[in-house]
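Below, each chain spelled out in residue letters.
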Amino acid sequence: MQYHIMVNNLSMSYRSKGKEKTALSDVTLNIPQGEIFCIMGSSGSGKSTLLKILGGIEKPTSGTVCINGANMADYGQQDYDRHRQMTVGYVFQDFNLLEGLTLKENIILPLTLQKLGETEIQQKYADTLRYVDVGYCENNYPEQASGGEQQRAAICRAIIKSPKLILADEPTGSLDHVNAKAIFNTFMDIKERMQTTIVLVTHDAAVASYCDTVVFIENGRVCDTLKKGEAAQAFYKRIVTVSSKARGYGFSCRSIAGVYSGGGSVCGSLFHKCSLFGESYEWLGNI
Amino acid sequence: MNGLEISDMLNYKKLDKSIDHPSLYQNIGFALLAFGLLLLTFRGESYNFASALFPMLFLTAGAYCLTMSFSHWFTKIFIRSTSKYHGNLFYISQLRTNYKKYAKLLTGCTIIVIFGLFMLIIDVSLVADDRDHSFEMPYDFTVYMDVVDGDDLKDIEDFESRESALLKDTRLVRILDGAIQWEGQEFSRLVHVMPESSYFDLTGKHLGLQDGEIVVLSQIDRNRYDIGTQEENGIEWGFQPPGLVLFWVGGKVYTRTIVKEIWEIVYNIEDQAQRAYIISDKDYEGIVSEAGYDQMKYFISVSSPDSLSTVYERLQEISPAITAKAASLETQAQNKLVVSVLILLAVILLLFSLVSLILLRINQDISEEKRKYSNLFSIGYTYAQLQEEIRKEMATLFFVPLVLGSSISIMYALLASSRTSLRQVIVTFGVTLLFVAVQYGFYRVATRTLGRQYLN
Numbered sequence: 001m002q003y004h005i006m007v008n009n010l011s012m013s014y015r016s017k018g019k020e021k022t023a024l025s026d027v028t029l030n031i032p033q034g035e036i037f038c039i040m041g042s043s044g045s046g047k048s049t050l051l052k053i054l055g056g057i058e059k060p061t062s063g064t065v066c067i068n069g070a071n072m073a074d075y076g077q078q079d080y081d082r083h084r085q086m087t088v089g090y091v092f093q094d095f096n097l098l099e100g101l102t103l104k105e106n107i108i109l110p111l112t113l114q115k116l117g118e119t120e121i122q123q124k125y126a127d128t129l130r131y132v133d134v135g136y137c138e139n140n141y142p143e144q145a146s147g148g149e150q151q152r153a154a155i156c157r158a159i160i161k162s163p164k165l166i167l168a169d170e171p172t173g174s175l176d177h178v179n180a181k182a183i184f185n186t187f188m189d190i191k192e193r194m195q196t197t198i199v200l201v202t203h204d205a206a207v208a209s210y211c212d213t214v215v216f217i218e219n220g221r222v223c224d225t226l227k228k229g230e231a232a233q234a235f236y237k238r239i240v241t242v243s244s245k246a247r248g249y250g251f252s253c254r255s256i257a258g259v260y261s262g263g264g265s266v267c268g269s270l271f272h273k274c275s276l277f278g279e280s281y282e283w284l285g286n287i
Numbered sequence: 001m002n003g004l005e006i007s008d009m010l011n012y013k014k015l016d017k018s019i020d021h022p023s024l025y026q027n028i029g030f031a032l033l034a035f036g037l038l039l040l041t042f043r044g045e046s047y048n049f050a051s052a053l054f055p056m057l058f059l060t061a062g063a064y065c066l067t068m069s070f071s072h073w074f075t076k077i078f079i080r081s082t083s084k085y086h087g088n089l090f091y092i093s094q095l096r097t098n099y100k101k102y103a104k105l106l107t108g109c110t111i112i113v114i115f116g117l118f119m120l121i122i123d124v125s126l127v128a129d130d131r132d133h134s135f136e137m138p139y140d141f142t143v144y145m146d147v148v149d150g151d152d153l154k155d156i157e158d159f160e161s162r163e164s165a166l167l168k169d170t171r172l173v174r175i176l177d178g179a180i181q182w183e184g185q186e187f188s189r190l191v192h193v194m195p196e197s198s199y200f201d202l203t204g205k206h207l208g209l210q211d212g213e214i215v216v217l218s219q220i221d222r223n224r225y226d227i228g229t230q231e232e233n234g235i236e237w238g239f240q241p242p243g244l245v246l247f248w249v250g251g252k253v254y255t256r257t258i259v260k261e262i263w264e265i266v267y268n269i270e271d272q273a274q275r276a277y278i279i280s281d282k283d284y285e286g287i288v289s290e291a292g293y294d295q296m297k298y299f300i301s302v303s304s305p306d307s308l309s310t311v312y313e314r315l316q317e318i319s320p321a322i323t324a325k326a327a328s329l330e331t332q333a334q335n336k337l338v339v340s341v342l343i344l345l346a347v348i349l350l351l352f353s354l355v356s357l358i359l360l361r362i363n364q365d366i367s368e369e370k371r372k373y374s375n376l377f378s379i380g381y382t383y384a385q386l387q388e389e390i391r392k393e394m395a396t397l398f399f400v401p402l403v404l405g406s407s408i409s410i411m412y413a414l415l416a417s418s419r420t421s422l423r424q425v426i427v428t429f430g431v432t433l434l435f436v437a438v439q440y441g442f443y444r445v446a447t448r449t450l451g452r453q454y455l456n
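Residue numbers (my numbering), protein chains in the order written: chain A, 1 to 287; chain W, 1 to 456.
Worth flagging that the hints you see were computed from the coordinates, not collected in a lab. Computed from a predicted model, the values in this text were never measured in an experiment. One thing to keep in mind: the hints can contain errors.
As the list claims (entries may be wrong) - Below, a list of computed lysine-lysine pairs in the DSS-like style, where the Cα atoms sit at most 30 Å apart:
{"hint": "1", "chain 1": "A", "residue 1": "K104", "chain 2": "W", "residue 2": "K260"}
{"hint": "2", "chain 1": "W", "residue 1": "K84", "chain 2": "A", "residue 2": "K115"}
{"hint": "3", "chain 1": "W", "residue 1": "K76", "chain 2": "A", "residue 2": "K115"}
{"hint": "4", "chain 1": "W", "residue 1": "K370", "chain 2": "A", "residue 2": "K21"}
{"hint": "5", "chain 1": "W", "residue 1": "K76", "chain 2": "A", "residue 2": "K17"}
{"hint": "6", "chain 1": "A", "residue 1": "K104", "chain 2": "W", "residue 2": "K370"}
Generate coordinates for the entire structure from the input sequences, incorporating the hints supplied.
Right under this line is the structure:
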């Protein structure tokens with residue numbers, strides 16, 4: 001199989017308040033081209049650090065990351081700059097749009113860094129709107145747009161440079177389930193039409209259930225990997241089970257709370273049915 | 001509700017704390033600046049408190065309006081050309097948000113620069129002014145003689161015959177101490193009252209005064225100082241208008257008529273603001289007889305500076321009340337030094353308060369800005385591009401008040417004076433350059449420090 005990203009024995013540690021802390025330890029992953037690859041894990045488990053390393057924002061302490069066969073360890077500063085400017089599109093949980101720019105200005109911002117001409121910028125902007133339509137509110141400032149519109153604009157900003165890789169750090173974390181679903185559908189569409197590899201970090205089991213691969217990271221280590229080849233319900237069952245084992249009792253209460261339709265408490269084992277994107281799942285027992 | 005959801009409303013921050021009508025502020029600002037400039041340029045020859053104050057008020061108010069609407073009009077510069085617009089998108093975002101919040105800071109800093117720089121220009125002009133002001137005291141000594149009798153006159157005669165080799169010129173002049181009403185207070189302002197003959201003794205000029213008439217003598221050189229004057233009934237005056245005036249001498253108040261004012265340095269006075277009333281000899285004799293005493297001032301010029309101490313010792317025998325020109329000039333120089341040091345300290349304090357204000361404001365938003373820069377890095381900015389953005393932001397904070405404030409200070413310093421000398425121009429621009437250099441130093445330090453904080 002052709003892998004887009006190969007991570008081998010990746011470790012990352014840093015000093016905080018005089019103490020050595022390990023963010024990632026001996027992580028090995030292979031991410032195929034054009035796949036939606038999900039990373040789950042509790043807060044502080046190292047998910048975002050992994051994303052930052054893939055994005056060329058941080059450099060690992062040891063191990064290698066190869067993207068399209070090129071080892072990032074061999075990158076110079078210019079290669080890192082090019083990697084962030086051309087290869088990677090970043091989507092954040094809280095959108096991180098510049099509040100002083102309209103949605104359109106925010107979207108074209110990465111192109112201006114590449115010093116493209118006005119015609120080319122307008123052309124790419126028009127192309128981007130074919131994937132994600134924010135044209136109707138393009139002249140609104142972020143504070144005038146809804147959360148969903150802001151996140152769609154943030155996705156436009158990430159894909160306008162036609163990146164080979166999109167890194168999304170909890171992209172649905174600040175959205176309600178309707179907007180979360182819409183955003184995830186957008187990712188699916190981008191994956192299909194642009195053949196872009198999408199690596200996303202999420203706490204949302206519903207979102208994870210739609211990804212091609214789900215890996216769980218705890219304490220900087222990969223503790224499990226799931227493939228979507230399994231039957232949907234079984235796949236979801238494993239996400240819930242593994243997540244609950246990994247995270248403890250409070251697993252993704254917030255995200256499930258937004259989607260389940262059965263009765264009972266949110267965090268416990270009392271409810272019997274839940275609904276994910278219109279599909280009903282039998283609850284699988286206590287978690 | 002603009003499509004806002006509950007979660008959006010909960011997180012909604014009112015970012016725009018700026019003025020409501022920036023265009024109005026901008027237009028008023030430009031109008032006030034232009035009007036202040038017009039007042040400065042076309043104020044004519046006259047110079048007084050109002051002609052100095054009003055242009056400065058208009059210019060400062062103009063600066064206030066322009067800095068309050070700064071982000072509004074400054075952004076327009078960048079959106080005119082597409083390449084500038086694309087190349088400065090983040091900076092435009094900062095102008096639209098941060099600099100609206102920073103408007104009051106920029107206004108405060110601009111006003112500090114206006115006054116700080118103007119004070120520094122004045123200070124350096126004061127220190128650099130090495131012109132010889134000795135002409136303002138034409139005699140080396142002044143002996144004050146309150147009650148003159150025959151013995152005093154004999155002492156003076158003896159002194160002059162004995163020391164004739166050491167003396168260049170002497171004048172014994174009748175001058176009474178009097179007072180006038182000023183600014184509503186009762187006879188608090190001192191004036192000298194002298195007969196026309198004394199004026200003739202000192203200058204050799206006749207005034208042809210009638211009884212009851214006064215000529216006001218202002219001992220100020222109009223070629224060197226700006227004096228605000230007005231005209232009334234074809235008579236130019238700067239101190240008191242022509243017409244009836246009351247003055248006090250020896251416990252009595254007299255009413256006379258001012259007919260003229262002359263500007264001429266005639267004899268030694270301690271305070272240049274002190275005027276002399278010249279009246280007819282007959283009038284003077286009447287006042288002396290009513291007062292029951294006469295006062296005289298004895299002015300002496302020596303033939304050589306070497307004889308100053310000898311002459312001073314001899315003069316002590318006539319009267320102990322003596323003022324020496326050399327001592328007065330030295331006191332003036334010391335006073336000038338003290339004043340200039342105090343002004344310099346005030347300017348330094350202003351400069352540090354300016355920088356402190358800027359750094360304090362930056363520090364308040366540092367975590368938010370750091371996060372912003374970190375996100376920019378994630379979406380593709382290079383270190384060099386981020387450093388450039390930091391430079392632009394710091395340049396705005398440090399140099400917008402400087403450019404606006406120093407322009408106003410320079411205009412004021414050069415145009416407020418009707419006789420702008422090359423020396424004044426050099427001092428003004430030299431001091432401005434110095435101010436800019438210091439500010440540039442702070443800007444470099446701030447840029448480097450913030451670069452490290454934001455980008456690490």
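Worksheet item: Do the alpha carbons of W/K84 and A/K115 lie within 30 Å of each other, as the hint requires?
Response: holds (11 Å)
Worksheet item: A/K104 and W/K260: Cα distance at most 30 Å?
Response: violated (75 Å)
Worksheet item: Given the hinted pair W/K76 and A/K115, is their alpha-carbon gap at most 30 Å?
Response: holds (21 Å)
Item to complete: Compare the distance between the alpha carbons of A/K104 and W/K370 with 30 Å, and conclude whether the hinted pair is satisfied.
Response: Answer holds: A/K104 to W/K370 is near 24 Å, not above 30 Å.
Worksheet item: Taking 30 Å as the top limit, are the C-alpha atoms of W/K76 and A/K17 close enough?
Response: The given pair, whose Cα atoms are some 46 Å apart, is violated under the 30 Å limit.
Item to complete: For the pair we were handed, W/K370 and A/K21, check the Cα-Cα distance against 30 Å.
Response: holds (23 Å)
In summary, the structure is inconsistent with hints 1 and 5 from the numbered list given earlier, while agreeing with the others.
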